[in-house]
Amino acid sequence: MIKFVLMVNRRGQTRLSRYYTPVELSRRAALEADVVRCCLSRRKEQCSFVEYKDFKLVYRQYAALFIVVGITDKENELSIFELIQNFVEVLDKYFSRVVSSCAIMFSLDRVHFILDEIVQNGLVVETNRSRILTPLNAIDKMSDS
Amino acid sequence: MALKIVKGSIDRMFDKNLQDLVRGIRNHKEDEAKYISTCIDEIKQELKQDNIAVKANAVCKLTYLQMLGYDVSWAAFNIVEVMSSSKFTYKRIGYLAASQCFHESTDVIMLTTNQIRKDLSSPNQYDTGVALTGLSCFVTPDLARDLANDIMTLMSHTKPYIRKKAVLIMYKVFLKYPESLRPAFPRLKEKLEDPDPGVQSAAVNVICELARRNPKNYLSLAPLFFKLMTSSTNNWVLIKIIKLFGALTPLEPRLGKKLIEPLTNLIHRALDLLYGMVSKKNLMEIVKKLMLHVDKAEGTTYRDELLTKIIDICSQSNYQYITNFEWYISILVELTRLEGTRHGHLIASQMLDVAIRVKAIRIFAVAQMATLLDNAHLLTGNMQRNGICEVLYAAAWICGEFSEHLENPMQTLEAMLRPKVATLPGHIQAVYVQNAAKLFSTVLKSQEGSTEGTAAQETSQLMIDRLPLFVQSANLEVQERASCILQLVKYIQKLQQKEVEVAEEVSALFAGELNPVAPKAQKKVPVPEGLDLDAWINEPPSESESEDEQPKAIFAKEEPKHSRSRHTEVDEKELARRREARKQEQANNPFYIKASPSSQKVYQESPGVEHIPVVQIDLTVPLKVPGLPMSDQYLKLEEERRQKERADKKKKEKKKRKEKRSGRGRRHDSGPESEEDITPAHMVDIVTEEMPEEYHLNIEPQKSLIFERSQK
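Protein chains in written order, with my numbering: chain H, 1 to 145; chain A, 1 to 712.
No false leads were slipped in.
Using 27 angstroms as the maximum straight-line C-alpha spacing, the simulated DSS-like pairs for lysine-lysine come out as follows: (1) H:K74 with A:K189; (2) H:K141 with A:K16; (3) H:K56 with A:K176; (4) A:K118 with H:K141; (5) H:K56 with A:K289; (6) A:K309 with A:K359; (7) H:K44 with A:K636; (8) H:K53 with A:K176; (9) A:K296 with H:K74; (10) A:K309 with A:K288; (11) H:K44 with A:K649; (12) A:K420 with A:K490; (13) H:K74 with A:K288; (14) A:K243 with H:K74; (15) H:K3 with A:K176; (16) A:K445 with A:K359; (17) A:K243 with H:K56; (18) A:K227 with A:K216; (19) H:K53 with A:K243; (20) A:K644 with H:K44; (21) A:K296 with A:K309; (22) H:K141 with A:K159; (23) A:K288 with H:K56; (24) A:K289 with H:K74; (25) A:K159 with H:K93; (26) H:K74 with A:K227; (27) H:K3 with H:K56; (28) A:K288 with H:K44; (29) H:K74 with A:K216; (30) A:K636 with A:K289; (31) A:K29 with A:K16; (32) A:K289 with H:K44; (33) A:K118 with A:K48; (34) H:K74 with A:K176; (35) H:K3 with A:K243; (36) A:K87 with H:K141.
Honestly, the hints are just simulated from the structure, not real lab data.
Nothing here was measured: the structure is a model prediction, and the numbers come from that model.
Isolated chain H (complex conformation) (with noise of 0.2 angstroms):
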């Protein structure tokens, strides 16, 4: 089960951040930064897999931005890892321009819906790039008629 999808920059700022599982307001600050921390310390040769408290870390990064899921235990960390590179091709798809920390900042909306798409309940729901965009599409024209 995935804990929680957090979107990174390189200071620490958090650029978004979703929680599959409740978390206190004022807690959530403190653990994101600690994760932000602990990722940011890791050399490149180092794995992509850390091991946090009582869950894992599963963290890929894209210049500038660090993506971090946490997971439980029992989840695959090679699948997640494949999930994160999904969810920017996603990203990448959609937006048609690369990605970053300003494009999530500004459309940072749409960047959940599209989240919601891929996992839900902390579980995967869709890993298909061209279904998941469907129905943002639609909904997209859908806005703007």
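Given chain H, put chain A in place with the hints provided.
Frame of chain H; chain A shown alone:
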């Protein structure tokens, strides 16, 4: 009044939307907190307006601020308002904010129940979709109880998009309100066979999660999952199902047996991947992992598979990936400790291959083999052909051929001539005898050089004492070799008694190095002049004979096929008739001894054997052959060596960097070690195979070895 409206709309023009907010925050890096508090005040003003668009905008901004860590629970009611908007985009923003901010103790959630219900039954599938998604984040037990029925009906919606989301949210609902599981379960089972793969995988997900908590209730679904596993190509689903089976199998042992087949297929596929994955760096680690598996594996066929795989990946491309041959030899020796393997000859051939072709490693290999021979009693338990005792074949040969590297040839010689050796299979004994002779020559050479004259004679006496045992062997080859060598030794002893130096001549018997010969070498030997291979050597046979011979010609491929097809045409009736005829004959023949059924039964039932209690030998402790190093040591050594290399390289790089400072000042990591950087521990001089002198080597040497004595 009109002025107010105009003023209102002008104010609205200056409202910030989300993008402006973000830009503003980025521009106010120093006084961020102050800026944000001004923004929050503005948002509060906006929320007091009637205009729903304005409210939605404000809520959107609040979502962003909430992510930064600011508490926005005071705006809960407004969020609900936005959720109830009829325009889809605003509704979406409302639900998003709700999913981010609402939690169990938010009181306004109760107000949402009706709204959500309305949305769930909305004709617009996207309304429903967004409601479902949002709901999953803040569903409470009350909400779950109220909405369970609606969601259940949605599981059979016409659109797969909705079905998928409904299935997933049922899991959350179950968690919060467990009584809803019972009525919903049959529907959930149906979804496992839904035509849409998205819905199917969602259903698999949910059931897997449920089953993990309570496996017993879901055993009945096992056959269904089995079918799914074999038919599905979606890897996510496969992973989940296999995990589920992992939880179910302890409860249902038969399931475990049935799973073996597809799982072995998967494992085979994974093992095949290993071929491509192997590189110099990771070979040692991979093999170490595989060895662990081999230890743990219960089935002998699986172990054998692993063994062949290990050897295959190691010997790929002419040992391209092995950096440390000592480690490889120790791995091979560890593999010999395996029980009941059928691949002894494979290990043996590998050992021979490495020892011959890698000159640098010979000393080490010989030492290992000597220890193996000394401890041969541990390995002689397995009497089968191709059992582990094949390794002794290799060990004896290596010790004999490279006996100059042995530390204590006398000891090895004695080990080879022990009476217990006679229990080994014939071909191994033959090798032992031959190599005992080679060792004998080495021992003689070393002993005659020294001043002790009697030592050499004692060695000869030892040979004369022990060889007669082999002369009496049932195996022809052993007998022949033993008697030849025995006579030779007797002759040598006579010479020794006359104080003649024999050692030089004896070692001349085994002079010359054996090198591997390429298998195609024979073809490349040029036919010498004047030789016509097709000419008859004798008079050609008479015509009648040759006609008879043709049907029986061995080299024509069609003939066996004809005879085979002839056999298959014989039908069942013919067979039955023949059987009857045979039985009649046997009954009538007074001299035919029938196999009495009673004697067979006696053999099977022999009560004496069964009464003997069977003691389980605990073989979880691996057989430790004393004196042999564990291959783990090499792994650690290798790690240390590489780290040292890396440290040395980094020092050099730092010096270089200090000399040229680049403008950016970015941290430049030395990239991961490339393949070429790793210097092997031993300079491998792989002896390439021999070809006839006139021919240039442009063929790749192959694995199989053919030996031929060559004059050097």
